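Protein chains in written order, with this note's numbering: chain F, 55 to 644; chain Y, 55 to 644.
These are calculated hints, taken from the structure and not from any lab test. Since the model is a prediction, treat every value here as computed from it, not as a measurement. Mixed in with the good hints, there may be bad ones.
Where chains are identical, the list cannot tell them apart; a pair therefore holds if satisfied intra-copy or between any two copies.
In silico SDA-like cross-links for lysine to any residue, where the CA-CA straight-line distance does not exceed 25 Å [as the list claims (entries may be wrong)]:
| id | residue 1 | residue 2 |
| --- | --- | --- |
| 1 | Lys191 | Phe631 |
| 2 | Lys160 | Gln511 |
| 3 | Lys287 | Thr431 |
| 4 | Lys210 | Ser613 |
| 5 | Lys167 | Phe631 |
| 6 | Lys469 | Gly494 |
| 7 | Lys391 | Ala487 |
What follows is each chain in one-letter form.
Number of protein chains: 2
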Amino acid sequence: MLTLPFIVLTLLATAAVPSQASEKLSELSKDDSQWVMPAKNYASTRYSGLDQITTENVDELEVAWTYSTGLVAGHEAAPIVVGETMYVVTPWPNKLIALDITDGSKRWVYEPKPARAAQGVACCDVVNRGAAYAEGKIFFNTLDNHTVAVDAETGKEIWKTKLGEINRGETMTMAPLVVKDKVLVGNSGGEMGVRGWLTALDTTTGEIAWRAYSTGPDEDVLIGEGFDPFYAKDQGTDLGVETWPAGRWQTGGGTVWGWISYDPELDLIYHGTGNPGPWNHTQRPGDNKWTVSLFARDPDTGMAKWAYQIDAHDLFDYDGINESVLLDLEIDGKPRKVMVRPERNGHMYVMDRATGEVLSAEEYGFITVTKGINLDTGKPIEVEAKVPEVGKVTREICPAPPGAKDWQPSAWSEKTRLLYVPHQNLCMDMAIAETSYIAGTPFVGAEVEMYAGPGGQRGRFMAWDPETGEEVWNIKERFPVWSGTVVTAGNVVFYGTMDRWFKAVDASTGELLWKHRVGSGIIGQPVTYKGPDGRQYVAIFAGVGGWSGAVVSGQLDPSVPFGALGFVGAMQDLPQFTEPGGTLYVFALP
Amino acid sequence: MLTLPFIVLTLLATAAVPSQASEKLSELSKDDSQWVMPAKNYASTRYSGLDQITTENVDELEVAWTYSTGLVAGHEAAPIVVGETMYVVTPWPNKLIALDITDGSKRWVYEPKPARAAQGVACCDVVNRGAAYAEGKIFFNTLDNHTVAVDAETGKEIWKTKLGEINRGETMTMAPLVVKDKVLVGNSGGEMGVRGWLTALDTTTGEIAWRAYSTGPDEDVLIGEGFDPFYAKDQGTDLGVETWPAGRWQTGGGTVWGWISYDPELDLIYHGTGNPGPWNHTQRPGDNKWTVSLFARDPDTGMAKWAYQIDAHDLFDYDGINESVLLDLEIDGKPRKVMVRPERNGHMYVMDRATGEVLSAEEYGFITVTKGINLDTGKPIEVEAKVPEVGKVTREICPAPPGAKDWQPSAWSEKTRLLYVPHQNLCMDMAIAETSYIAGTPFVGAEVEMYAGPGGQRGRFMAWDPETGEEVWNIKERFPVWSGTVVTAGNVVFYGTMDRWFKAVDASTGELLWKHRVGSGIIGQPVTYKGPDGRQYVAIFAGVGGWSGAVVSGQLDPSVPFGALGFVGAMQDLPQFTEPGGTLYVFALP
Ligand SMILES: O=C(O)c1cc(C(=O)O)c2c(n1)C(=O)C(=O)c1cc(C(=O)O)[nH]c1-2
Ligand SMILES: O=C(O)c1cc(C(=O)O)c2c(n1)C(=O)C(=O)c1cc(C(=O)O)[nH]c1-2
């Protein structure tokens, strides 16, 4: 029989001892008057306890102030709010703008002046998803592969660290996560044959603490002693080398351009990896580990606790970088510590976040390429007829490369216990062809034409119950719902559309309660906070673009459907609805 | 004694017979639910009889919808409203955008695709001041010197006429005025030594009906038999040649880039001309007619009825292109048909619009360069010490080149009988030097540094009583008030500031009633209209730029004060308040 002192000792020895910094961030993230990281909190729930704006009064919401960035690329960043200051990061040239949260006056702007050439190697518009706060500093990434720390008060640069090479096709678009004394950042460039990585920098000095590659030998992937994947398919040595044709892992993609979550108790961070390169899968026989995979890692060392490859040998650009929402759910009558992932491949994964076991993986989107996930093996059941072959056009591949959901993050309500998921309904025809790797140029080998999936509506916004594995309600939209979302204790969910509406719906029923016509299509992430004046505010960037909106922000010819890696075909009518142009909108009750 | 039939005959023979088109436009301009020309009506009062928004409820105003243009140059255009459609012209590339007036959805966009090179020869940002409506067509100018007629319903081009040459430094930025079957347009390029003109095109065919040059022989200036200037100084033959050193009139400026008014009863149009080139006045001894002059012309033939040179031999770039507000006032106890002009040189001219007589010319801005206007001669009384000399810096020249007021138009209230004048308070130091004319390049010969005038506030908004010749109230602003203004029967005046406020003040007292923080500084022109939903709307472009905002929209170095022809020196702090970015804001009561 264990004595009490022993249990305590065990906990101290093996479990999390969150550092002061993380504890402070955890605390800060509970203060609903602020919004200190894009995902709101380490669990990435994007839920706010504010309840001044309710289902009853939300239709009185009005514009409190706006701020124009003067930039026309897609505006994806979540504003963050610390104290009485809001921080927004623009698309390239990645200005960091500090604004007064109540009257929108400009405090300062920090301009990192990233290389112009970076614009030429970004796959999907020159976007940025936001900044992170810790210890009086704002951290963010520049398109030309620098992570920067800026004094939150003065706007002065504290450090700036170069992490990648645009000449190799690398860029950075993701929002960092700060865990303890480290800021975690990853690269982009899966369509240019870069080698993906996640890197931790020291928050104080900007020095690189560790880097975990997504491909290559275990040493590089930071797989070592404690590595304990749940499924047999993910077990073995140097799989990041062995599952590739000789040397191909070096240009194999697996970038880390999406979201990271953190569980302070388990002391594990969670992140996914992007697609393998090239898209033409015949050039890379094998599982192509660790692309389209999930990792649980020790934030101090980067060492992997477990990994799970979502799709081995990806055929369709189904990056595994979507958000992991960390929840305590009742699954089959038992309380479980899970992570819920609305996966790009169209399945809603509910996983044990301690072990990497898949508890369920229901379909939430229209899928033709698989017949479900085998929970015993952890593998999707592939539909042979949909495997692309060279010299052939494979039709009705669903979902299309952006998946049933792309990077645009979901929100979880503590009140309704539902997950709110902005996503899309797209299929494609695909032809693949031999391509060769030339550093810093596209490494794709596929021609794709996308179009609306069944029903013809390209966008969907749904409420999903991860405990029952069922959709509770959904709303259809003309265009992909490419914005993030936020849900509040007032039982209101906010999201934006590419045809210029910012909408509030009832979290329980999905009923549309209010909509406001903004200046440009929305692909930003809404946040909410409370001002020193006691009012609840809701903030969102308008400014269409991103991969889905590239036809507008990149001024592409709408009549060439193969543009933007095939996305133009599905968005030919978008220019009829919106021009580009970044403006931050902040709403409040009168 | 005259018999009645004789009088009638005389009227028919000599006075106005407004064509159907102008009558219809006159009628349309009285319908306050629409706003069919930038100046609202031929008298250019910019007054609306709408009174739903009042001094009592204006503080409840909220954003109904916004529209982003995705462009970062200065947005100066007045939206026009015809039926249920709003038409806005953007800065270069001069898109014409048609929007639903109640929900802001996009109807269509017409893109004239003006030459890129036009941007390089525009003096003061690549602005456009708006479109004009008549007979189912929208007319506007492109920066590369085309006037275009577009079907108001479909957005299809009806005709497009080339009027000038960017290679010679010509551009077009002004809003046309339609009078009867003619659309009246003028050129820009006074700082490039172009030869100014006003041109009439046939509204149906786009063919040039007449062109009146501002310099050169009477034949070119359209001075002939009926020409009857009031003052001796303006009488004589071929003064547009004789008042110049040999041949210099050909590169002498006098562009017509501002406002035109029309009196249907007198059947006269009124327009001014710009500064002479180069700024270095020692290179052009003489009066330099007809630069900085006013013309009353027959709209059918272009022939001048009278002319009045405001400033002979201009020294300071005091273009005479500001708005002429046509009013029936009581002057010295007698009803007079006047035009009121808040002149760039700082004087408020009240003139008999039938004869060109100056009835009064009170100072409304701070002036060091003249000691009033001699009403007998019609000439300003010059201060010798302020006449610039080569090799010397002349200091404290007030007003600076943008004048006490630039192009930003005033509004007149029928109710208060006050004129509302957005303007600025700037002085300068000036050094002049020899320059030579090279076609399509700056022809200035002056280095200028501008700074705030007395009191330090660079902007002013005032109410002026033209009957008493006195200011009634004024508001000081940090930056030049570079926006237009509108006044309503609700007794509310609206204007915008370069530091991102859209303001409503009490027309009687100037009391600030409401302000709204917009996304970028305002240099646009507000208008108001009524939607089919019965609500009164107020619309205004935000999007800083223009000459005053070039430091932001042109991304000039704020530490180089001589930038933008010396305006940067007075606007070094503007980048701390705003980024550029064009967004149309439309407000209404809840
Ligand atoms: O593989 C990569 O490195 C990578 C990078 C990015 C990016 O950084 O924006 C996107 C994608 N892939 C991608 O597959 C994708 O669907 C996508 C959408 C967007 C966007 O911002 O709208 N970026 C990206
Ligand atoms: O002489 C000319 O031809 C000319 C043209 C323009 C123009 O077309 O914008 C301006 C001026 N001059 C000018 O003197 C001036 O103050 C000015 C201000 C602005 C503006 O849009 O803010 N344009 C112009």
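To test your reading of the hints: which numbers does this structure violate?
Going through the list in order, the structure violates hints 6 and 7 and respects the others.
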